[in-house]
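S.K.: One line per chain: the protein sequences are A and B, in this order. In this text, residue positions in the first sequence follow my numbering: the first is 1, and each later residue adds one. In this text, residue positions in the second sequence follow my numbering: the first is 1, and each later residue adds one.
These are calculated hints, taken from the structure and not from any lab test. Mixed in with the good hints, there may be bad ones.
Stated by the list, open to error - Computed list of lysine-lysine pairs in DSBU-like fashion (alpha-carbon distance at most 35 angstroms, straight line): (1) B/K76 / A/K132; (2) B/K76 / A/K168; (3) A/K204 / B/K58.
Claimed, not checked - Here chain B is said to cover these stretches of chain A; the calculated rule only asks that three of the stretch's residues, wherever they fall, bring their Cβ under 8 angstroms from a Cβ of chain B: (4) 164-171; (5) 184-197.
As the list claims (entries may be wrong) - Computed, partial: chain A to chain B, Cβ under 8 angstroms: (6) T79; (7) V97; (8) F200.
As the structure is a computational prediction, the values presented were derived from the model and not from experiment. Ideal placement from N, C-alpha and C gives every residue a C-beta, glycine not left out.
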Amino acid sequence: MNDQTPSASGAKQRLVKLWHLLSRPSATTALGTILVTGFIWGILFWGGFNWSMEMTNTESFCISCHEMEQNVFREYQNTVHYTNRTGVRATCPDCHVPKTWVHKVARKIKATNELYHHFLGTIDTREKYEAKRLELARNVWQVMKETDSRECRNCHNFEYMDFTVQEKRSRARHDDAVAEGQTCIDCHKGIAHELPEGAFDEEKRLNDRNGSH
Amino acid sequence: MKVWIKGSIAGVGLLFAAVMSTSTGITQETAVQSLRGAAEIDEPGDPGDINPQNTEHKFQRSYRQQPPMIPHKIDKYQINLKVNQCLRCHDWPYNVEENAPKVSETHYVDRNGIALDQVTQSRWFCVQCHVPQTEASTVVPNTFTSSADTK
């Protein structure tokens, strides 16, 4: 105890000193030095924040949890967004994380709920995952409807689609979709993952509730 | 007796050797051509052409009971224990709004003759009978002609 008391008071003294240093106007340091130093620290802090946020925006981060790797990721490997004619890929965050900064941060904050359920083990077996699949899919479908399939449209856009090179069926339907103001997810469900049981009934309910189609 | 046994063993041995040498001779001279070509068993065979899928018009049936072929791509459609994406357009009432051919009513009758409101499980996997149409040439030449022509 006796040994600790002087060092504890020493620490306190240092804190008080630091507070005095920070709360008084600088008398000896040039404003330019302060500005430049602040600027450099700003870059370091902001860069560091953004860098670590982008680290969570990679496929390898997504599939570092077995819930993602053993279910959705393996299903996705059989789909057109993983392997296709031209070799262009869409990775997890391309579809599931918005590109614009405000929406991206909002999504990242919501994702803490996913961390919570990871540690709870809510979907840590295939059986639990399958039992939850409809609910999980519904959440994504609902969000995509609300955002007018914003993440799809980072790459796919009606305005740049050449309907003449599409298959007859696609051509007719895309024409209708433009006229009726439909959004991608209204039809394109289960394009990157397995559909849940009861997907079509759920689709109907979603469309009725949102007054589309 | 013993000499006779020894003699016959030697005879069989000679015969075996003769047969072996003859069969090796056959393999070297006229190798059997399998459908995968002349490639050795541990070599990859010729992958062959990929037959383009014909999505422009519907192929006619070649005989009365032929399951109609699929005139569009089905590559990524899911048919599993949970869902059947074919039925999203071809099951009633979806077929009305999608303007798609309706699944035959026979597919709603189970093996005991009971009519169901959904496709019976024994008919669930569409592609067991219905396949996408391709412009493929016959692997083995044959003289089959459509019964529509001979009718």
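S.K.: Decide, hint by hint, whether the structure agrees.
M.R.: Status of the hints after comparison with the structure:
Among the hinted pairs, B/K76 with A/K132 is consistent with the structure: their alpha-carbon atoms are about 23 angstroms apart, no more than 35 angstroms. For the suggested pair B/K76 and A/K168, the alpha carbons sit about 17 angstroms apart, so the restraint of at most 35 angstroms is met. Straight-line distance between C-alpha atoms of A/K204 and B/K58 comes to about 30 angstroms, which keeps the hinted pair within the 35 angstroms bound. Figure legend: the region 164-171 of chain A, annotated as covered by chain B; annotation consistent (3 residues with Cβ-Cβ distances under 8 angstroms, at least 3 required).
Counting residues of the region 184-197 of chain A whose CB lies closer than 8 angstroms to any CB of chain B gives 6, which reaches the minimum of 3, so the coverage claim holds. Checking A/T79 against chain B: minimum C-beta separation of about 6 angstroms stays under 8 angstroms; hint holds. Because the closest C-beta pair between A/V97 and chain B is about 23 angstroms apart, greater than 8 angstroms, the hint is violated. For the restraint placing A/F200 at the interface with chain B, the shortest Cβ-Cβ distance is roughly 6 angstroms, inside the 8 angstroms limit, so the hint holds.
In this structure, only the earlier hint numbered 7 is contradicted, and the remaining ones agree with it.
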